[in-house]
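Participant: Starting from the known structure of chain H, fit chain Z onto it as the hints suggest.
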Amino acid sequence: MIETLSQPWPWWVAGPLIGLIVPLLLLAGSKKFGLSTSFRQICAAAAPGQIEYFRYDWKRGMWRLMLIFGIIGGAAIAATLLASPDPVVGISPATHADLEALGISDFKGMVPSEFISWSGLLTLPGFVMVVVGGFLVGFGARYADGCTSGHAISGLSTFQFSSLVAVLGFFAGGLVATHLLLPVLFGAW
Amino acid sequence: MHERRDVLRYVPMGVFLGIVFTKGEVISWFRIQEMFRFQGFHMYGILGSAVAVAALATWLIKRRGMRTLDGQEIETKVKPSAGLNYRYWIGGSLFGLGWGLLGACPGPIYALIGNGLSVMFVALFAALAGAWAYGYFAPRLPHH
Numbered sequence: 348m349i350e351t352l353s354q355p356w357p358w359w360v361a362g363p364l365i366g367l368i369v370p371l372l373l374l375a376g377s378k379k380f381g382l383s384t385s386f387r388q389i390c391a392a393a394a395p396g397q398i399e400y401f402r403y404d405w406k407r408g409m410w411r412l413m414l415i416f417g418i419i420g421g422a423a424i425a426a427t428l429l430a431s432p433d434p435v436v437g438i439s440p441a442t443h444a445d446l447e448a449l450g451i452s453d454f455k456g457m458v459p460s461e462f463i464s465w466s467g468l469l470t471l472p473g474f475v476m477v478v479v480g481g482f483l484v485g486f487g488a489r490y491a492d493g494c495t496s497g498h499a500i501s502g503l504s505t506f507q508f509s510s511l512v513a514v515l516g517f518f519a520g521g522l523v524a525t526h527l528l529l530p531v532l533f534g535a536w
Numbered sequence: 022m023h024e025r026r027d028v029l030r031y032v033p034m035g036v037f038l039g040i041v042f043t044k045g046e047v048i049s050w051f052r053i054q055e056m057f058r059f060q061g062f063h064m065y066g067i068l069g070s071a072v073a074v075a076a077l078a079t080w081l082i083k084r085r086g087m088r089t090l091d092g093q094e095i096e097t098k099v100k101p102s103a104g105l106n107y108r109y110w111i112g113g114s115l116f117g118l119g120w121g122l123l124g125a126c127p128g129p130i131y132a133l134i135g136n137g138l139s140v141m142f143v144a145l146f147a148a149l150a151g152a153w154a155y156g157y158f159a160p161r162l163p164h165h
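Chain order of the listed sequences is H and Z. Everything in the first sequence is counted per this note's numbering, starting at 348 for the first residue and increasing by one. Everything in the second sequence is counted per this note's numbering, starting at 22 for the first residue and increasing by one.
So here's chain Z without its partners, still in its complex pose:
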């Protein structure tokens, strides 16, 4: 299909995100520390307003029955929410430990590389090793 050409439309969206991540200081280790010390509103304001805008826009898209650029139906339903499963709270807490130490979640890791911080390639490689280890141990980890 025309799939190959279509994926190019995501590049400018990424450029937009990379600029906002950087100028909004979401990629700042110091901002993440400020957040986890409850000493500033910046990160809470960003996360809260992002969720509010995303929720409102998703609701509008659903309500209006909007379609994609290619005229396809938009699937806003997500897999049924399973709630208190082990994977969400154990996995989430481990992710949080890493987020608190590194001061960057996945998007900002990439954005920091774009900012010229080449040491973030080490963090990316470590994250890939972590993801690989998850895949390796997944059959033995509690999920449900």
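Isolated chain H (complex conformation):
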């Protein structure tokens, strides 16, 4: 059993299970799946300043912070008790070749650890991926009023046109990052 669960899960197992979180949250307390609101909550709790956006009752969304504590714990369980026997994620050979041409040689783990690591922060690509990428994820998700969970899953599953626009934006940005920014960054390094 544990042996089977320790293998990477195919999309047709993982996808429906992620989708199930939407009805679970509705049944648990009429909550809407959306994780980037947690950024607003943490800012409101830690450094609201005089900013109107952060001057609201962030504790009303305590359920979301609990969900996130759970995510961190669940990920820790998956990474230890259910660790995959092969640490290399089975991406397509074409992607492997493209990334190797870009300058990545370590394919173990969930991220390219030559760049996304503490020492990797001292490289140009690593710094931009983690710090600039992280900043844009936070800024963009709040500007768009949602991220992958709020727009791509909750929004699309309730047929929100605004979420479709946001998701098309996600892909436009991701394509630019992948096909323009990354080659420039790695080329310059």
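Hint data in this document are derived by calculation from the structure and do not stem from the laboratory. No false leads were mixed into what you were given.
Looking from chain Z toward chain H, a few residues come up when the C-beta cut is under 10 angstroms (computed):
hint	residue
1	V28
2	I40
3	E46
4	S49
5	I53
6	L68
7	V72
8	W110
9	L118
10	Y131
11	V140
12	L145
13	A154
14	Y155
15	A159
16	H164
Here a beta-carbon is modelled for each residue, glycine too, at the ideal position from N, C-alpha and C.
Facilitator: Below, chain Z without anything else, positioned relative to chain H:
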């Protein structure tokens, strides 16, 4: 009210999500690259089937008039869809740029921390700085 105790029910749901995010490799930078290079079906299959299951289940809940565990009405209506507003396509594109670079959206940032990748605290801090900057500049940004 009994609010304080009630929020604990969201912890096991999070544990479930954290396990699925990790075992489904949604948190893999490599998988996100594969997706943005259109070289694999994995991420599309995950997103597509998640949306399908969520849509079907939400429809069922609405149709059956189901209630929450505490017997309250379930609000499935969302604010009216405003469509092509600036915030969705500009904000969405900026988010996408970040997603493509970092290879992780908000849920996976937390899940990667749980995976023991402590450098993701830097990404989380950067994301919080980004969210803070949005709040600061929001009055001057085009939204509608």
